[in-house]
Amino acid sequence: MAATILAGYYFLGFYGISLAGMGMLATTGIIMSLDTYGPISDNAQGFVEMAGLKGKAPAVTASLDAVGNTTKALTKGFAVGSAAVAASSLFATYFEATGLSSIDIAQPKVFVGLLIGGSLPFLFSSRLINAVGRAAFQVVEEVRRQFREIKGIMEGKAKPDYSKAVQIVTAAAQKELVIPAAMVITLPILTSLFGAAALGGFLGGVVVTGLMLAFFMCNTGGAWDNAKKYIEDGNFGGKGSDTHKAAVVGDTLGDPLKDTAGPALNPMMKIVQIVALLIAPFVIQFIGK
0 MAATILAGYY FLGFYGISLA GMGMLATTGI IMSLDTYGPI SDNAQGFVEM
50 AGLKGKAPAV TASLDAVGNT TKALTKGFAV GSAAVAASSL FATYFEATGL
100 SSIDIAQPKV FVGLLIGGSL PFLFSSRLIN AVGRAAFQVV EEVRRQFREI
150 KGIMEGKAKP DYSKAVQIVT AAAQKELVIP AAMVITLPIL TSLFGAAALG
200 GFLGGVVVTG LMLAFFMCNT GGAWDNAKKY IEDGNFGGKG SDTHKAAVVG
250 DTLGDPLKDT AGPALNPMMK IVQIVALLIA PFVIQFIGK
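For the sequence shown, position 57 matches number 56 in numbering that gives the first Met the number 0, and the numbering has no gaps at all.
Rather than coming from a laboratory, the hints here were simulated on the basis of the structure. Careful: at least some of the hints might be erroneous.
Unchecked claim - Below, computed lysine-lysine pairings styled on DSS-like, alpha-carbon distance capped at 30 Å:
1. 228 / 238
2. 150 / 163
3. 244 / 269
4. 156 / 174
5. 55 / 228
6. 174 / 163
To be verified - Per label pair, the in silico range of CB-to-CB distance:
7. 137 / 247: 35 to 41 Å
8. 0 / 241: 14 to 20 Å
9. 152 / 48: 46 to 52 Å
10. 122 / 59: 38 to 44 Å
11. 132 / 241: 37 to 43 Å
12. 143 / 229: 53 to 59 Å
13. 21 / 232: 39 to 45 Å
14. 106 / 162: 54 to 60 Å
15. 156 / 229: 18 to 24 Å
16. 45 / 143: 20 to 26 Å
17. 51 / 189: 53 to 59 Å
Even glycine gets a Cβ: it sits at the ideal position worked out from N, Cα and C.
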């Protein structure tokens, strides 16, 4: 990413960085195809497991699912990279809107803005990961309730209330997003009270930390998921072993990393930059540089 940004700036300045971002987005069709492959193969394996199929089918779908996890990790990394290039262009636009030519990190206000910006991706992703855990426990409690109150589910004589589980997850997804969204909007505004330079440091901290954290989460989650599938194929003791139990724990943690927190950092970095651009004229007029 650093080489891409430097090469674009060397040839055409910030316009070159924007062109580099557009070039990355030109492959969107291929990237979306690769990203779609993962959920399709994952659902296929789920159907095989629910149907109780034996023989060659589970082995084929398991191998396809493992490849799908790899392609999803690659496409998520590509999305993070394109978001970083776009954020760099918006960062330059902020400097143009505020009239700043540079920011001095030795200034206490700028350094404070850098620290606040660097902490935002961690705070934002932690809220999302906790939200996934709370929603999952609500679904578990609902499943237990249905097992207690609806007789005949285990015997196949009665159908569970699937819509209730979907309703719980949908409501949790909307409710739990309020606080993270509020943080993304309010923190740039609060940091702007220290001046335009401090807000510039804030934006730099968000991009650097958010980029590294998003790469880490997407790659780590995919690696843990594939590690569990590799063990389930009979390696390192196979299913039921202590190694498999540890891999299940890793996969349980990796799912919210690669499917929730990691991808969510991409729009977060862009929204922070856009909010800063919107308030930049007011910061210059009422607070100053």
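How does the Cβ-Cβ distance of residue 51 and residue 189 compare with 53 to 59 Å: does it lie in that range?
holds (55 Å)
Pair hint outcome, residue 150 versus residue 163 [Cα-Cα no greater than 30 Å]
Measuring from Cα to Cα gives roughly 17 Å; hence the hint holds.
Hint says 39 to 45 Å; check whether the CB-CB distance for residue 21 and residue 232 agrees.
Between residue 21 and residue 232, where Cβ atoms are some 42 Å apart, the hint holds.
Does the Cβ distance between residue 45 and residue 143 fall inside 20 to 26 Å?
holds (22 Å)
Is 46 to 52 Å right for how far apart the beta carbons of residue 152 and residue 48 are?
Violated: the Cβ-Cβ distance is about 18 Å, outside 46 to 52 Å.
Range agreement (Cβ of residue 241 with Cβ of residue 132, hint 37 to 43 Å)
violated (24 Å)
Would the pair residue 55 and residue 228 pass a check requiring their Cα atoms to be no farther apart than 30 Å?
holds (16 Å)
Given the hint that residue 174 pairs with residue 163, test it: the Cα-Cα distance must not exceed 30 Å.
Distance of about 16 Å is within 30 Å: holds.
Would the pair residue 156 and residue 174 pass a check requiring their Cα atoms to be no farther apart than 30 Å?
Cα-Cα ~35 Å, so violated.
Restraint check for residue 228 with residue 238, where alpha carbons must lie at most 30 Å apart:
holds (10 Å)
Distance restraint evaluation - residue 143, residue 229, Cβ atoms, bounds 53 to 59 Å
Given range 53 to 59 Å: violated, Cβ gap about 31 Å.
Honestly, do residue 106 and residue 162 meet the 54 to 60 Å range at C-beta?
holds (56 Å)
In summary, the numbered hints that this structure violates are 3, 4, 7, 8, 9, 11, 12 and 15.
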